[in-house]
Amino acid sequence: MAGGARSLVAPGAVGPDRNRRHPGAEEGCVTRPAPAPIKVRELSRRQLALAMNAPSVLLMLVVLVFPLFYALYLSFSRVRIGELRRGFPFPFYGFENYVRLFQDELFLHSLQNTFVFALIVVVVEVVLGLAIALLINQQGLWLSRVTRVLILLPYAIPPIANGLIWIYIYNFKLGFLNRSLFQLGFIEQYIDWTGIPETALYSLTVPYIWRTLPFAILLFHAALQGLPKDVYEAARVDGAGAWRCFWHITLPLMRPIIAVVVILRTSFAFLVFDEVLALTQGGPGDATWVASWFSYKKSFAPPFNIGLGAASAYVLALVIGLLAVFYVKVLYRRAQ
Amino acid sequence: MNGPGRLQRQLLNIANLLVIAMILFPVAAVVQGSLMTEKVLHSDIHAVIPPEVTMENFLLVLTQGEHREETQTSITSTYMPDNLRAFYRAFGNSLVIALSVTLITLTLGALSAYTIVRLRLRWTLWLLQLNLVARFVPIIVLMIPLFVVGRSTGMLNSLTGVILAEAGFLLPYSILILAPYFQSLPSELEDAARVDGCTRFGAFVRIILPLSAPGLTACGVIMFIVSWHELLIPLVLNSDLDYMTLPMVLSSLVGDTNILFNVMMALALLSLLPTVVLVLLLQRYVVHGLAAGAVKG
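So the protein lines, in turn, are chains A and R. Once you know that position 50 of the first sequence is 50 in this note's numbering, the rest is easy, because the numbers rise by one and skip nothing. Once you know that position 87 of the second sequence is 1087 in this note's numbering, the rest is easy, because the numbers rise by one and skip nothing.
One or more hints might be untrue.
[As the list claims (entries may be wrong)] Taking lysine to any residue and the SDA-like style, the derived pairs with C-alpha atoms no more than 25 Å apart in a straight line are:
| # | chain 1 | residue 1 | chain 2 | residue 2 |
| --- | --- | --- | --- | --- |
| 1 | A | Lys229 | A | Arg148 |
| 2 | A | Lys173 | R | Val1048 |
| 3 | A | Lys329 | A | Thr266 |
| 4 | A | Lys297 | R | Thr1153 |
| 5 | A | Lys297 | R | Asp1256 |
| 6 | A | Lys297 | R | Met1155 |
| 7 | R | Lys1039 | R | Gly1255 |
| 8 | R | Lys1039 | A | Leu72 |
| 9 | A | Lys297 | R | Gly1255 |
| 10 | A | Lys229 | R | Ala1291 |
| 11 | R | Lys1039 | A | Arg148 |
| 12 | A | Lys173 | R | Phe1091 |
| 13 | A | Lys297 | A | Arg148 |
| 14 | A | Lys297 | A | Phe182 |
| 15 | A | Lys297 | A | Leu119 |
| 16 | A | Lys229 | A | Lys297 |
| 17 | R | Lys1039 | R | Asp1082 |
| 18 | R | Lys1039 | R | Ile1023 |
| 19 | A | Lys297 | A | Gly140 |
| 20 | A | Lys173 | R | Glu1052 |
| 21 | A | Lys329 | R | Val1133 |
| 22 | R | Lys1039 | R | Ala1291 |
| 23 | A | Lys173 | R | Thr1153 |
| 24 | R | Lys1039 | A | Phe182 |
| 25 | A | Lys329 | A | Val65 |
| 26 | A | Lys173 | R | Val1040 |
| 27 | R | Lys1039 | A | Glu188 |
| 28 | A | Lys297 | R | Ser1152 |
| 29 | R | Lys1039 | A | Phe172 |
| 30 | R | Lys1039 | R | Ile1020 |
| 31 | R | Lys1039 | R | Val1254 |
| 32 | A | Lys329 | A | Val57 |
| 33 | A | Lys297 | A | Ile196 |
[To be verified] Interface residues of chain A toward chain R, partial, derived using beta-carbon atoms under 10 Å:
| # | residue |
| --- | --- |
| 34 | Leu64 |
| 35 | Ala161 |
| 36 | Ile191 |
| 37 | Lys329 |
[As the list claims (entries may be wrong)] Selected chain R positions facing chain A (in silico; Cβ < 10 Å):
| # | residue |
| --- | --- |
| 38 | Leu1209 |
| 39 | Ala1213 |
| 40 | Gln1283 |
Hints are computed from structural coordinates only; laboratory data are not their basis. Even glycine gets a Cβ: it sits at the ideal position worked out from N, Cα and C.
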């Protein structure tokens, strides 16, 4: 663990950094009484770190750490509306919640939907994100500058507002999409985009991708700007075209940032909630039940099966936790 | 790099137009929808550009339903969901929550980020790793226990509860955004201040913080935006009309079969304006902040 912690900083940063400061300023305080007259009584590094982190640690203990453990406790307890009324402590339920969860067709279906949803989102966002990042990276194109200004706009839209907008866009009888496609001559009959079980999940990916694509574009664009220019010049001298430059230079150099985008986008796509709530509420039938929606519905709709909801949320957290560990251990430091 | 050739230029321009169309399509939908009269919405179902536009929908939302009595005569347009009558209350609540969350996360985040990049103790580095992992914790896992605890302690239906929950949830992210900014400042600046008799904390307040103004701005904007957008946290903790946030009002329109699209779009447009204006004005900061929060350590 300690080795892992240190690897986050540049190698050797801890040692030299300490020496660069006034020798004796911090070590001296610990080993012998302060020799020189000190104007203001100064806290040691350790004390200062404790003092400065106390408020953050306190808040995180209350809002992050404690609920995580409490959710674990709930997932091993029998908690429904009756137990909820009676209050703490809740009757122990063993692994029953988890057993029921994995026998629940709807939960397995929700998990499957979540994976399909995340897979589509990530593949589309990486491909489209890279393409658009390359596009706005073009110098001397007037329109590319316009695109660059607009690119962040979807990030500013509240997810639930985005959901409502797409309710109107997708609406069967009155919707904006059917109107536009009709006017452009693409369709003659209006299509029920979110009402058909076969297409509902795919219809759901579009608004989500629209809203979250800026993040991917932005990271790719930032990475593109940091690529070494001389490599491209050397390649051009050797007669390499644009496509070969992309395939043999850009893509390999971008691999770390692509990995970061894949991990971040996958874990956040696993949590899609607002657009589901707005557009389909899991329907039609159970075609768009996803993991967060399952946990939310089980916990906060009758019969308020909090125990089962907590167990399902924990399964989701563990899946994402695996991605998080990979991100922290392997990617975060390397991709700069 | 050489500029693209003529044909290539044309293709790139077409690609740009496609991307711009893609970005603006939903924006066009919300603007068009909010400007339509009820008559056009229902009678002219093929119209993309409405033959007549109106400000009535905005007036209806902004007067919290009062305006309708004087001007709109049709029977269906008299419908007004209760939550729309709390528009200003919800707007105010959202603003109070977003500003408080921004202030708390900036203050606590700056204090912690500084100790992580400058004091470099073993446990502050653990704290950084913990923050990275904490960013991945699904909100729903936290909300179920917070609801149970809030219910038994009577903490549900308050702004304070939502503010604390959102601030705690966002704090790791703020630390991740701020840490690289602090790290990019040369430590010689601090050393010089300390030679002049500043304490380490004094150097942080007087030297580091003012120099990190761009980083603090970037972090602050992102915190405000994420908090303004947050739905699940207030949705689970609050249900009382007095403590509704704007996203909650929006979500309450879902499944309401009586609400008209034009009113719904007007409300959506009004609720997305604050963050859109913020992003367009402070684009540079948002871009830097988002990049800093995802990579670099």
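### Task
State the violated hints by number, sorted upward, taking the hints as numbered earlier in the document.
Violated hints (numbers, rising): 8, 11, 12, 13, 14, 16, 18, 19, 22, 23, 30, 36, 38, 39; every other hint is consistent with the structure.
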